[in-house]
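Let the hints inform the model, and build the full structure from the sequences given.
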Amino acid sequence: MSSPNRISGGIKFELAISYLLAAGVVSSLILVAAGILLFYFQFGNLAISEKKVMFLQEKNFFYFLYDLFRDGPSHGFSLWVMTLGIAVLILTPYARVLLSVLHFIREKDFKFSVITLFVLVILTLSLAAH
Amino acid sequence: MLSMVSLLFLSIPVGFLGALTGLGGASILIPILVFLGIPVKEAIACGMASIIATSSGSASSYVREKIANVRVAMFLEMFTTIGAIAGATITTLISPTLLYFFFAAFLATSFLKSKRTVSESPPSSEWPDRMSRWLNLQGSYFDEVYQRRIDYKVNHPLWGGGGMLLAGLAAGMLGIGAGAFKVTVQENILKLPPKVSSTTSNFIIGMTALAGTSVYLYSGLLNLTLMGPMAVGTTLGAVLGGRVLNKMRNRTLRMLFIFIVAFLILQMVYKGVSSL
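Chains as they are written, first to last, in numbering that gives the first Met the number 0: chain C, 0 to 129; chain Y, 0 to 275.
Take every hint as true, because none was put in to throw you off.
Straight-line C-alpha distance at most 20 Å; calculated EDC-like pairs for lysine to aspartate or glutamate: (1) Y:Lys194 x C:Glu13; (2) C:Lys11 x Y:Glu64; (3) Y:Lys40 x C:Glu49; (4) Y:Lys65 x C:Glu13.
Quick partial rundown of chain Y residues pointing at chain C, CB under 8 Å, derived from the structure: (5) Leu1; (6) Val4; (7) Gly56; (8) Val62; (9) Arg63; (10) Val69; (11) Thr80; (12) Ile84; (13) Met206; (14) Ala210; (15) Gly219; (16) Met226; (17) Ala230.
Hints were generated in silico from the structure; no laboratory data involved.
Here a beta-carbon is modelled for each residue, glycine too, at the ideal position from N, C-alpha and C.
The following block contains the structure:
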């Protein structure tokens with residue numbers, strides 16, 4: 000029926016995923032690399048540290064994001080930039096599932112809407128419910 | 000003492016070798032970090048986070064080139080994400096000594112794949128089963144070697160899902176992509192062509208790694224000064240590795256693979272035995 004439409008929709012969707020992944024990874028790695036550089040200016044060394052502030056620890060990723068912007072660089076700008084980079088990294092595949100769910104709903108592909116929604120729910124629960 | 004700069008420059012060749020051998024950067028880097036005195040759970044958690052970058056980076060180009068089967072990947076992700084969450088939860092609970100042995104044992108399973116000669120011929124199109132037809136999983140890609148479009152069918156998606164649950168469990172537990180294991184499942188159960196299989200597995204690994212990382216996030220094992228340089232270095236290395244991969248001879252790659260895996264197994268077993 001709508002097969003030519005579906006094919007071109009599929010190709011656009013794959014391109015969108017490709018650009019989303021590339022943009023997420025590149026921006027996250029730039030932030031992390033910038034954070035490492037800033038770390039040197041802030042602390043005067045680049046030692047791998049076992050200090051408590053170097054560890055990410057949050058019960059809920061979405062609170063973690065909120066705190067990241069509310070508190071700002073409370074432990075220094077360099078660690079904040081690195082943390083932001085890691086947050087972008089974590090959000091990259093998450094955004095990819097979100098995009099997939101929207102795509103399959105728009106295409107009225109019921110089975111794959113359910114499949115991708117299932118993955119989205121699992122990931123959201125795991126990121127939030129602890 | 001290991002610094003962020005030395006870790007960054009160590010991660011580049013490791014990511015390069017990981018891409019060439021199909022082991023992935025984290026599988027090689029975690030035993031090295033353990034050797035350098037980093038606690039194993041911390042190395043695993045940071046390995047898991049850095050895989051999101053390596054995998055999503057290379058998946059981006061495979062999807063654009065339309066080799067990876069996105070539908071198959073999304074179907075299998077249901078299984079790998081659950082596996083990875085369970086695996087990562089187990090790791091936060093068990094003794095590190097067990098992890099050394101699990102790591103070594105899992106690496107040993109990757110020999111299963113390397114033993115078989117990788118067939119370069121396009122697979123015969125078998126008739127797909129009902130489930131695959133219902134999910135519309137079949138696909139096609141343009142093969143550079145044969146200079147033509149290859150159509151393929153997919154088989155036994157549910158059995159493949161079971162295999163992926165195991166792959167996800169191992170990946171989440173050990174902080175690795177478990178790519179070789181995923182490829183074995185996809186080629187032997189789902190009957191995906193080799194190129195589709197390795198690129199689709201790469202696509203799935205990013206999501207699996209996110210699921211594992213979501214558990215490590217609140218376990219307090221994610222060390223910024225460790226995972227930052229790891230993520231940047233292994234991804235740069237993997238991009239370089241992906242570029243030369245097609246120019247390398249299969250025999251050279253096999254030898255490299257066997258040498259590296261044997262070394263990693265020995266290191267983890269040694270660490271495990273000495274911590275008993």
